[in-house]
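Based on the sequences and whatever the hints tell you, model everything.
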Amino acid sequence: MSASSAFNDEKGGSSSVGEPEYGHDPASGGIFSSDYKRHDDLKEMLDSNKDSLKLEAMKRIVAMIARGKNASDLFPAVVKNVACKNIEVKKLVYVYLVRYAEEQQDLALLSISTFQRGLKDPNQLIRASALRVLSSIRVTIIVPIMMLAIKEAASDMSPYVRKTAAHAIPKLYSLDPEQKDQLIEVIEKLLADKTTLVAGSVVMAFEEVCPERIDLIHKNYRKLCNLLIDVEEWGQVVIINMLTRYARTQFLNPNMNESLLEEENDKTFYGSDDDEEEEKEKKAEAPLPRRKPYVMDPDHRLLLRNTKPLLQSRNAAVVMAVAQLYFHLAPKVEVGVIAKGLVRLLRSHSEVQYVVLQNVATMTIKRRGMFEPYLKSFYIRSTDPTQIKVLKLEVLTNLANETNISTILREFQTYIKSMDKDFVAATIQAIGRCATNIGEVRDTCLNGLVQLLSNRDELVVAESVVVIKKLLQMQPEKHSDIIKHMAKLTDNIQVPMARASILWLIGEYCEHVPKIAPDVLRKMAKSFTNEEDIVKLQIINLAAKLYLTNSKQTKLLTQYVLNLAKYDQNYDIRDRARFIRQLIVPTEKSGALSKYAKKLFLALKPAPVLESPFKDRDHFQLGSLSHLLNAKAGGYQELPDWPEAAPDPSVRNVEVFSLLERVATLTSVPEWTKCSSREKRKEKKVEKPFYSDSEGESGPTESADSESDSASGSEIGSGVVGSGSRTASEESEEGSESEEEEEKDKKMMTAKKELKKPVQESESEQSSEEEEERKRERKKSKPRKSESDDDDDSESESSRSESEDSESEAEVKKKKKAAASRPPAKPLKKESKKEMSLLDFDDFEPAPPPHVTPLNSFLSSSLVTDLEGLSLSDAALSPATLSPSGAMKSYELLHRIRGEGLSVEYCFSRQPFSPDANMVAVQMQFTNSGAADTKSLHMEDVKLQSGMRVKEFPEIELLPAGETATAVMGIDFCDSTQAANFQLCTHTKKFFVSIQPPVGELMRPVFLTENEFKKEQGQLMGMNELSEKLTLDAECRNEHAIVQRVTAAANLSRVPCGSDKECRFAGRTVTSGSLVLATVVTKEAASAQLTVNCEKMVIGTMLVKDVLLALTQ
1231 MSASSAFNDE KGGSSSVGEP EYGHDPASGG IFSSDYKRHD DLKEMLDSNK
1281 DSLKLEAMKR IVAMIARGKN ASDLFPAVVK NVACKNIEVK KLVYVYLVRY
1331 AEEQQDLALL SISTFQRGLK DPNQLIRASA LRVLSSIRVT IIVPIMMLAI
1381 KEAASDMSPY VRKTAAHAIP KLYSLDPEQK DQLIEVIEKL LADKTTLVAG
1431 SVVMAFEEVC PERIDLIHKN YRKLCNLLID VEEWGQVVII NMLTRYARTQ
1481 FLNPNMNESL LEEENDKTFY GSDDDEEEEK EKKAEAPLPR RKPYVMDPDH
1531 RLLLRNTKPL LQSRNAAVVM AVAQLYFHLA PKVEVGVIAK GLVRLLRSHS
1581 EVQYVVLQNV ATMTIKRRGM FEPYLKSFYI RSTDPTQIKV LKLEVLTNLA
1631 NETNISTILR EFQTYIKSMD KDFVAATIQA IGRCATNIGE VRDTCLNGLV
1681 QLLSNRDELV VAESVVVIKK LLQMQPEKHS DIIKHMAKLT DNIQVPMARA
1731 SILWLIGEYC EHVPKIAPDV LRKMAKSFTN EEDIVKLQII NLAAKLYLTN
1781 SKQTKLLTQY VLNLAKYDQN YDIRDRARFI RQLIVPTEKS GALSKYAKKL
1831 FLALKPAPVL ESPFKDRDHF QLGSLSHLLN AKAGGYQELP DWPEAAPDPS
1881 VRNVEVFSLL ERVATLTSVP EWTKCSSREK RKEKKVEKPF YSDSEGESGP
1931 TESADSESDS ASGSEIGSGV VGSGSRTASE ESEEGSESEE EEEKDKKMMT
1981 AKKELKKPVQ ESESEQSSEE EEERKRERKK SKPRKSESDD DDDSESESSR
2031 SESEDSESEA EVKKKKKAAA SRPPAKPLKK ESKKEMSLLD FDDFEPAPPP
2081 HVTPLNSFLS SSLVTDLEGL SLSDAALSPA TLSPSGAMKS YELLHRIRGE
2131 GLSVEYCFSR QPFSPDANMV AVQMQFTNSG AADTKSLHME DVKLQSGMRV
2181 KEFPEIELLP AGETATAVMG IDFCDSTQAA NFQLCTHTKK FFVSIQPPVG
2231 ELMRPVFLTE NEFKKEQGQL MGMNELSEKL TLDAECRNEH AIVQRVTAAA
2281 NLSRVPCGSD KECRFAGRTV TSGSLVLATV VTKEAASAQL TVNCEKMVIG
2331 TMLVKDVLLA LTQ
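Plus 1230 on top of the position in the sequence shown (first one is 1) and you've got our numbering.
Honestly, I wouldn't trust all of these hints.
When the alpha-carbon atoms are kept at most 27 Å apart in a straight line, the in silico DSSO-like pairs for lysine-lysine are as follows [what the hints assert, rightly or not]:
| id | residue 1 | residue 2 |
| --- | --- | --- |
| 1 | Lys2173 | Lys2220 |
| 2 | Lys1321 | Lys1401 |
| 3 | Lys1289 | Lys1310 |
| 4 | Lys2244 | Lys2259 |
| 5 | Lys1350 | Lys1449 |
| 6 | Lys1289 | Lys1321 |
| 7 | Lys1321 | Lys1453 |
| 8 | Lys1756 | Lys1714 |
| 9 | Lys1606 | Lys1845 |
| 10 | Lys1782 | Lys1753 |
| 11 | Lys1862 | Lys1401 |
| 12 | Lys2335 | Lys1538 |
| 13 | Lys1785 | Lys1753 |
| 14 | Lys1310 | Lys1321 |
| 15 | Lys2245 | Lys1453 |
| 16 | Lys2173 | Lys1538 |
| 17 | Lys1310 | Lys1273 |
Per label pair, the in silico range of CB-to-CB distance [stated by the list, open to error]:
| id | residue 1 | residue 2 | range |
| --- | --- | --- | --- |
| 18 | Lys1449 | Arg1329 | 37 to 45 Å |
| 19 | Gln2343 | Gln2226 | 32 to 40 Å |
| 20 | Pro1877 | Met2253 | 15 to 23 Å |
| 21 | Met1649 | Pro1744 | 37 to 45 Å |
| 22 | Asp1406 | Thr2331 | 18 to 26 Å |
| 23 | Gln2226 | His1579 | 44 to 52 Å |
| 24 | Leu2188 | Ala2316 | 49 to 57 Å |
| 25 | Lys1449 | Gln1867 | 15 to 23 Å |
| 26 | Thr2331 | Gly2248 | 16 to 24 Å |
No lab work stands behind these hints, which were simulated from the structure alone.
Heads up, the beta-carbon is just placed ideally off N, CA and C, and yes, glycines get one too.
If you want it as structure tokens, here you go:
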């Protein structure tokens, strides 16, 4: 029998004696209990060729592990199946190996090569599982292999594998901390990942391995803020906590100007009435220091704005994380938004309530006002556990003020009748704190507590006595009646703390009850030997105080008490009796100290301050374990103090050097032109690299040489028409072209010239006729005028793009294309002037000749239009379509009747605002229709939503009657359609006006190739994608009309597309640079589908409405 049981134990089973069978429940694993050969069967199943048997065996083995059975002897049989092709079997094998790899290190190391093969498996789940198992093997010898695997997985195409790599980093770090430097490199790489799946995991790895390396976060800060809404819930918690610490080191305290007032409020909150009066006097004498204006950093605002929607998360941890972020980082006036979210969590489980209430109790000390509207949410239910009740009491006490104290005290009266004694004791203490903090109700609270002294429940009476004792210390002379009443209670109250409190009160204020105190001492002397130690000590103190103040009546009683104490069993009481006898009864041996006995015993003692136990907890980060325990837990990171001066905000700007390097590479390498005809022309045809690059990236449009030639021909045609077409004499100078290609080019250019209104002659006649054409253009209809304006805008945009430091991605792309079209080392003489004007950027020293200047607008218009993504089809484009922004719509700011002759219109010029790239340029036109001159036109009293900024237009000193003036101002709308309100002032009048942008004007165009568009669109799926079906307007059934209407509604650029039924557009928001992608797919019978992908869901929703309106009306 013993041998059998030993065998069963060794195998991981147990004897059948005394253990029930679970044969009918396979999941329980009890089916193995009676069969001692079960492992042999499992081994046979694992050696089988059938995947179904292997899977069944692995399920049983994992069931054994789950029940705590020992399955380690199956290790060799399981390891053999690591290479199994069935994914389900592989997963379970990996689960088993993670459990036993550390125990069976030698055998686990034999399977390392299999894991390494698994890391290169086509299936992403297998690659991730292999890495997970490899990182779970706690063997130091394989650290280099693990490191290599993590580095490879960090570059994997699958976000799921990259996420697993991020999870493996802390495991490797705990195994070998010396690998920290290499792991930081991997973390830095993964932090740059744009996938939401990876973000939370890599920030967790960052927090575990190198939380002090704040510099790794700088470049990824804005990306993390924007991705936050789409990260999984636990990732959101980790990122928010990390960003809270980051923000405390990088931004200024938004409440710096209120710190002085806050300190004063803290002092008076727990102080007495006298303290409050003194504080008021000091406040009146010392004026407040002059406040420095505080301007919130846009990145600080970005964090607050992007975390606010998460207060509606279903996950309590996320809501709590956002709440602590706002409490530690937000301006005082904005913290109130978290109250509603936290109150919502009070409907959750008791464990969640406990944590939330701990944090609310801390918040209510400094931010009492934000929870006052939700006072009733903290009322106590009979079903609440005791710890929840006590915390709610704490919050109610913190929220108590002069206006709501009567309501709160009525609640407290109900709570005192509860059967929960601990809760009743806490309620009485809460009443005492309310009385301490609010002087107006001190007498009311005292009277209420005195009434409780007649309560039948001894614990209620005892707690009341303790609280009354503390309250009486504040004003003892007014309440001698209460002291007398409490003296009578010594006959009935048996709770030691209460009896000790009464005796202390009588002894401390014996001069207020001179007749009662000796009698109390007499009664106490009778029962001295039966009292508790704490009461005996107070009896000795009472005897000593009465001996010093009324020795005639109490001398003998005091000696009697001291004699009893001299032989007490407790040495503390014996020592106290000897000490007091020597002090109060002078003898020859007494020292000089006995002279000061009265001063020692009857000295004035300060009243105890009844403070909240949560008063000093806010130095711990809210929501942390350390805050919950009120003690620093292991691994806790202190919340940094705010910096005195703001660190450099430019560290968070994303660099563009890599793109510039690519531009230099592209200009020097000619192999990127694919067609043989272009190979021949690249020497002298300067436009070719520019256009062939865009074609090379467009993909499907270059299926054959003939197609690519026709596409390039159409592009050349459009480009040449816009830039002043070259004559046949110029074309003939290019000796490297075939005659057939020349014929194609000539035909294309002739077709384009007929469509284009400004007829352009040969180079000798251009300079004079271009001037006249431009003048005629301006006098024509509004769309034509807007086109020429847009040409000017695009020219100024291209001329500024290289001189600005903070370049957008679109501008970098334009530079790349423009730089690629630079002329060769020996350009043609006749074309050199044109090329210089085409590339009239700030980097070029020589200025173009004066007569070429009018040509600039056409050249840059063509350049910008092509960059914006013209269709590569042969169809001719109308001039209106070539303008990316369409007609500029004007809005009325001030009507001439309201403005008393002064009328103001404004439009969004869609050109970069040079002083600040994050601002939208607003062009304002002032017209003086009155009889008198208008002087000193300027702005005042700008009122903006938080985060918005304005760059005022320069003051217009004089606007004569009948004249018109133009000015440009910049507004940072902070990616919102909130209005900017301000006063428009003249020398005599002030007019309140406001500018509200359509959502389409909050963007700037960005150039993307078709492949880049598809890649970015793939990353903006799910909540970031909005689709709507629509019926196109009768006049909007062709591609060009759709492009015109979409670009008129939103400042987006056209993206090349191989399909004629699909139009794509791209842009970025001006402030945050969030990507905005729009797609219009036309279908049969005038139906179409509009899809908008945007990182900011609110902007995406509004843009869908505006574009729908434009296409359907």
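Evaluation of the provided hints:
Taking the CA atoms of Lys2173 and Lys2220, the gap is near 15 Å; set against the 27 Å cutoff, the hint holds. As the CA atoms of Lys1321 and Lys1401 are separated by approximately 20 Å, the hinted pair is consistent with the 27 Å bound. A C-alpha spacing of about 16 Å is found between Lys1289 and Lys1310, which places the hinted pair at or below 27 Å, so the restraint holds. Distance hint between Lys2244 and Lys2259 is fulfilled; the C-alpha atoms sit about 21 Å from each other, no more than 27 Å.
Between Lys1350 and Lys1449 the alpha-carbon distance is near 31 Å, which puts this suggested pair outside the 27 Å criterion. Distance check on the hinted pair: Lys1289 and Lys1321 sit about 11 Å apart at the alpha-carbon level, within 27 Å; holds. Simply put, Lys1321 and Lys1453 have alpha-carbon atoms about 34 Å apart, too far for the 27 Å limit, and the pair is violated. Taken as a hint, the Lys1756 and Lys1714 pair is honoured in the structure, with Cα atoms around 20 Å apart against an allowance of 27 Å.
Restraint check for Lys1606 and Lys1845: the C-alpha separation of about 23 Å stays at or below 27 Å, so the hint holds. Of the supplied pair hints, the one linking Lys1782 and Lys1753 holds, its CA atoms being roughly 18 Å apart against a limit of 27 Å. Straight-line distance between C-alpha atoms of Lys1862 and Lys1401 comes to about 24 Å, which keeps the hinted pair within the 27 Å bound. Taking the CA atoms of Lys2335 and Lys1538, the gap is about 24 Å. The hint holds against a cut of 27 Å.
Between Lys1785 and Lys1753, the direct Cα distance comes to roughly 15 Å. Compliance with the 27 Å bound is thereby established for this hinted pair. For the proposed pair Lys1310 and Lys1321, the alpha carbon gap of about 14 Å is at most 27 Å, so the pair holds. Under the criterion of a C-alpha separation no larger than 27 Å, the hint pairing Lys2245 with Lys1453 is consistent with the structure, at around 17 Å. Restraint check for Lys2173 and Lys1538: the C-alpha separation of about 23 Å stays at or below 27 Å, so the hint holds.
For a cut-off of 27 Å, the pair hint linking Lys1310 to Lys1273 stands: about 11 Å separates their Cα positions. For Lys1449 and Arg1329, the hinted distance range of 37 to 45 Å is satisfied, since their beta carbons lie about 40 Å from each other. Between Gln2343 and Gln2226 the CB atoms are about 21 Å apart, so this pair departs from the stated range of 32 to 40 Å. Restraint check, Pro1877 to Met2253: a C-beta distance of roughly 33 Å breaks the suggested window 15 to 23 Å.
Checking the proposed 37 to 45 Å range against Met1649 and Pro1744 shows it holds: the Cβ atoms sit about 42 Å from each other. A hinted range of 18 to 26 Å for the beta carbons of Asp1406 and Thr2331 is inconsistent with their spacing of about 49 Å. Between Gln2226 and His1579 the beta carbon distance is about 45 Å. The supplied range of 44 to 52 Å therefore holds. A beta carbon spacing of about 55 Å between Leu2188 and Ala2316 agrees with the range 49 to 57 Å that was offered as a hint.
In this structure the hint that Lys1449 and Gln1867 lie 15 to 23 Å apart at CB holds, the actual value being about 22 Å. Checked against the given bound of 16 to 24 Å, the beta carbons of Thr2331 and Gly2248, roughly 21 Å apart, stay inside it.
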